[in-house]
Amino acid sequence: MAKEILFIGYIMAAFTNKKQALHDIMADCLPADKNFSVKKTKT
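Here the sequence shown stands for residues 1 to 43, numbered as in the UniProt record's numbering.
Among the clues, some could well be false.
Claimed, not checked - Calculated lysine-lysine pairs in the BS3-like style (CA-CA distance at most 27 angstroms, straight line): (1) K18 - K3; (2) K19 - K42; (3) K39 - K19.
Stated by the list, open to error - Simulated DEER-style distance windows between Cβ atoms: (4) K3 - F36: 41 to 51 angstroms; (5) I5 - F36: 23 to 33 angstroms; (6) G9 - V38: 34 to 44 angstroms; (7) I8 - K34: 21 to 31 angstroms.
Think of the hints as simulated: they come from the structure by calculation, not from any bench. The model shown is predicted, which means the values in this text are computed figures rather than measured ones. From the three backbone atoms N, C-alpha and C, an ideal C-beta is built for every residue, glycine too.
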């Protein structure tokens with residue numbers, strides 16, 4: 001029963017516009033796109 005209650009936070013991602021799970025909303029973060037990449041600059 002406890003696992004199902006905790007899993008609700010991940011299920012929320014299917015119903016939010018920005019595809020955020022509960023922990024993303026609480027941390028004010030956005031999930032990364034699968035095509036996300038970090039551009040490295042030469043220093």
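Now the hints, each set against the structure:
1. Of the supplied pair hints, the one linking K18 and K3 holds, its CA atoms being roughly 24 angstroms apart against a limit of 27 angstroms.
2. Note on K19 and K42: the hinted pairing is violated, with a Cα-Cα distance of about 33 angstroms set against a maximum of 27 angstroms.
3. Our distance criterion of 27 angstroms between C-alpha atoms is met by K39 and K19, whose separation comes to about 24 angstroms.
4. Checked against the given bound of 41 to 51 angstroms, the beta carbons of K3 and F36, roughly 29 angstroms apart, lie outside it.
5. Checked against the hint of 23 to 33 angstroms, the pair I5 and F36 passes, with Cβ atoms roughly 30 angstroms apart.
6. At roughly 27 angstroms, the beta carbons of G9 and V38 sit outside the given window of 34 to 44 angstroms.
7. The hinted window of 21 to 31 angstroms between I8 and K34 holds, with their beta carbons roughly 24 angstroms apart.
Checked against the numbered hints given earlier, the structure breaks hints 2, 4, 6 and satisfies all the rest.
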